[in-house]
Amino acid sequence: MSDALNIGLAGLILGLALWSIVAREAFAAVEGFMAFGLLLTLAWVQLHGIDVALTEAAIGGGLTGALLIGAATRLRSTEAAARVEGPGAPTRWLAAGVSVAVTAALAVGVLALPVPAPTLAPDVAAHIAVTGVGNPITAVLLAFRAMDTLLEAIVLLFALIGVWSLAPDRFWGGRPGLRQQADPNGILAYVARVLPPIGVIAGIYIFWVGADHPGGKFQGATLMAAMWLLVMMAGLADAPPISRTWLRILLVAGPLVFIAIGVVGVVTADAFLAYPPGIAKPLILVIEFALMPTLTLILGLMLVGAPQRGPLP
Amino acid sequence: MSAATLFGLCAAALIGIGLYGLIVNPHPLRKILAFNVVGSGVFMLFGAIARRGAAAGMGGDPVPQALLITGIVVAFSATALAVALLLRLFDETRSVSLASDAPDKTQPGVDDV
Chain A
20 MSDALNIGLA
30 GLILGLALWS
40 IVAREAFAAV
50 EGFMAFGLLL
60 TLAWVQLHGI
70 DVALTEAAIG
80 GGLTGALLIG
90 AATRLRSTEA
100 AARVEGPGAP
110 TRWLAAGVSV
120 AVTAALAVGV
130 LALPVPAPTL
140 APDVAAHIAV
150 TGVGNPITAV
160 LLAFRAMDTL
170 LEAIVLLFAL
180 IGVWSLAPDR
190 FWGGRPGLRQ
200 QADPNGILAY
210 VARVLPPIGV
220 IAGIYIFWVG
230 ADHPGGKFQG
240 ATLMAAMWLL
250 VMMAGLADAP
260 PISRTWLRIL
270 LVAGPLVFIA
280 IGVVGVVTAD
290 AFLAYPPGIA
300 KPLILVIEFA
310 LMPTLTLILG
320 LMLVGAPQRG
330 PLP
Chain B
106 MSAATLFGLC
116 AAALIGIGLY
126 GLIVNPHPLR
136 KILAFNVVGS
146 GVFMLFGAIA
156 RRGAAAGMGG
166 DPVPQALLIT
176 GIVVAFSATA
186 LAVALLLRLF
196 DETRSVSLAS
206 DAPDKTQPGV
216 DDV
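Here the protein sequences come in this chain order: A and B. Adding 19 to a residue's 1-based position in the first sequence gives its number in my numbering. Adding 105 to a residue's 1-based position in the second sequence gives its number in my numbering.
Just chain A, same shape as in the assembly (with noise of 0.2 Å):
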């Protein structure tokens, strides 16, 4: 029965994804793209990564679909002259030739593999008391390899201020993304309004869980900053202008707590980003408190996009 199950979700995310390759509009293609991340997410619970699963639901499926949704929108103009432009019959089948090889030569190394298969959860389990929480992922994120989180919160400040450095000069400091306009008695105005009370609740809930169960705090920035996106995009509330102190400071915060701890970790553990012994838990949590709210505006403003208005009203 599982089996069965298994073998017609693989069929349906194949199949979405071809879709989202030949489409002829974008917009098809990228609604194919989204349902494909939701499946995506059953075959994570499927191969038991239930934080994959959520990670995937919200990041993958949710947050990539309507950054791509937007994208499709704006630039369907462009789509009739791309067509004209597409490459000739020798081109396709080399190029399919090559995507079947690629295919095969992994499906091999997938047959391949050794048994029994190297595994770190031994390590993990041995170790995990130390670390105070019960979530074995993220006891990796933030403690075992903690350099990584670190890193990839840097990552996103970067991308974030590479997607604000591409305004024009004349929207340097202004407000990103476009001014948005919706009937305020409308349904969208309604829901940004009832959403998103219950939303952030289920945010903290899944930050707050994450320390001994699926969860955490990337799963709940995203569903924060996907609740802030509903009040933007009903035009309840203006995206902040990029030039605003407390946005600047609240977005470096997480990071530089997280480095702040970690050059502690020098000092008192003899390592960088070492917990001494006895408050790992307690540090653990001041970082995730640290880089909650950080991550929530990164997400949101980085879908919202690059300046579009001056800084002058």
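Not one of these hints is a red herring.
Within a straight-line C-alpha distance of at most 25 Å, the following computed SDA-like cross-link-like pairs (lysine to any residue) qualify:
| hint | chain 1 | residue 1 | chain 2 | residue 2 |
| --- | --- | --- | --- | --- |
| 1 | B | 136 | A | 38 |
| 2 | B | 136 | A | 102 |
| 3 | B | 136 | A | 44 |
| 4 | A | 300 | A | 275 |
| 5 | B | 136 | A | 54 |
| 6 | B | 136 | A | 33 |
| 7 | B | 136 | A | 30 |
| 8 | B | 136 | A | 113 |
| 9 | B | 136 | A | 85 |
| 10 | A | 300 | A | 223 |
| 11 | B | 136 | A | 46 |
| 12 | A | 300 | A | 271 |
No wet-lab data here; the hints were simulated from the structure. Keep in mind that this is a model prediction, so the values were computed, not measured.
Given chain A's structure and the hints, the job is docking chain B onto it.
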């Protein structure tokens, strides 16, 4: 066939499908989309390998699973930057063609709109 093997093979096919789209679709937005399909395939392959590492009462090796979460978030930030670049190109030139002999549609005054 175990779920890990099945989804590992599915991931291999996803990478192939995405790679094909990346090469043959001339529109940059479709290339970004195809690149994300390749990325999903790579993540799923890594996830299948993580599943095989199930031990010590855990459903999968938590180290690759944690790296996957990092990877998905970084992939989103790269996609956002790529889309922002593309939209800026469109605002400047009214065209997103990657062809080397694309007609230059920039007219005086167009980029001041």
